[in-house]
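**Q** Generate coordinates for the entire structure from the input sequences, incorporating the hints supplied.
So for the sequence shown, our numbering puts the first residue at 1; every next one is plus one.
Just so you know, the hints here were simulated from the structure itself, not pulled from any lab data.
Just so you know, even glycine gets a beta-carbon here, dropped at the ideal spot from N, CA and C.
One thing to keep in mind: the hints can contain errors.
FRET-style restraints, in silico, Cβ to Cβ [as the list claims (entries may be wrong)]:
1. Val-20 with Phe-48: 34 to 42 Å
2. Val-14 with Ile-41: 29 to 37 Å
3. Leu-21 with Glu-43: 31 to 39 Å
4. Pro-29 with Lys-50: 26 to 34 Å
5. Lys-2 with Leu-37: 18 to 26 Å
6. Ser-25 with Phe-53: 39 to 47 Å
7. Asn-22 with Leu-46: 36 to 44 Å
8. Leu-46 with Val-20: 24 to 32 Å
9. Ile-41 with Lys-2: 16 to 24 Å
10. Lys-24 with Phe-53: 16 to 24 Å
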Amino acid sequence: MKMYLLSLAVGLLVGVLYYVLNVKSPAPPLVALVGLLGMVIGEQVLPFIKSYF
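**A** In structure tokens, the structure reads:
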């Protein structure tokens, strides 16, 4: 969990830095990022549910 929080913090810091320097982020569009988030959540949810049943 610590790695996820560190990754999020660094990502936010880089995002702020890009904004301050007025640099366009090389990240994919928000729709693609939401899709990736859904994939990650889906991958983690099934083992979590299986552990309870």
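**Q** 18 to 26 Å was suggested as the range; check whether the CB atoms of Lys-2 and Leu-37 agree with it.
**A** Holds - the Cβ-Cβ distance for Lys-2 and Leu-37, about 19 Å, lies within 18 to 26 Å.
**Q** Assuming the hint says 31 to 39 Å, is it satisfied by the Cβ distance from Leu-21 to Glu-43 or not?
**A** holds, 34 Å
**Q** That 36 to 44 Å hint for Asn-22 and Leu-46 (C-beta), does it hold up?
**A** Distance hint for Asn-22, Leu-46 holds at roughly 42 Å.
**Q** Is the distance from the Cβ of Lys-24 to the Cβ of Phe-53 consistent with 16 to 24 Å?
**A** Since the Cβ atoms of Lys-24 and Phe-53 sit about 46 Å apart, the hinted range of 16 to 24 Å is violated.
**Q** Note whether the CB distance of Pro-29 and Lys-50 lies within 26 to 34 Å or breaks it.
**A** holds, 33 Å
**Q** Take the C-beta atom of Leu-46 and the C-beta atom of Val-20, compute their distance, and say whether it sits inside 24 to 32 Å.
**A** With Cβ atoms ~40 Å apart, the hint is violated.
**Q** Confirm or reject the claim that Ile-41 and Lys-2 have a C-beta distance inside 16 to 24 Å.
**A** Once the Cβ atoms are compared, 19 Å apart, the range 16 to 24 Å for Lys-2 and Ile-41 holds.
**Q** Just tell me: holds or violated, for the beta carbon distance of Ser-25 and Phe-53 against 39 to 47 Å?
**A** Once the Cβ atoms are compared, 41 Å apart, the range 39 to 47 Å for Phe-53 and Ser-25 holds.
**Q** Given the range 29 to 37 Å, decide if the beta-carbon distance of Val-14 to Ile-41 lies inside it.
**A** Once the Cβ atoms are compared, 23 Å apart, the range 29 to 37 Å for Ile-41 and Val-14 is violated.
**Q** How does the Cβ-Cβ distance of Val-20 and Phe-48 compare with 34 to 42 Å: does it lie in that range?
**A** holds, 38 Å
Violation of the numbered hints given earlier is confined to hints 2, 8, 10; the remaining hints are satisfied by the structure.
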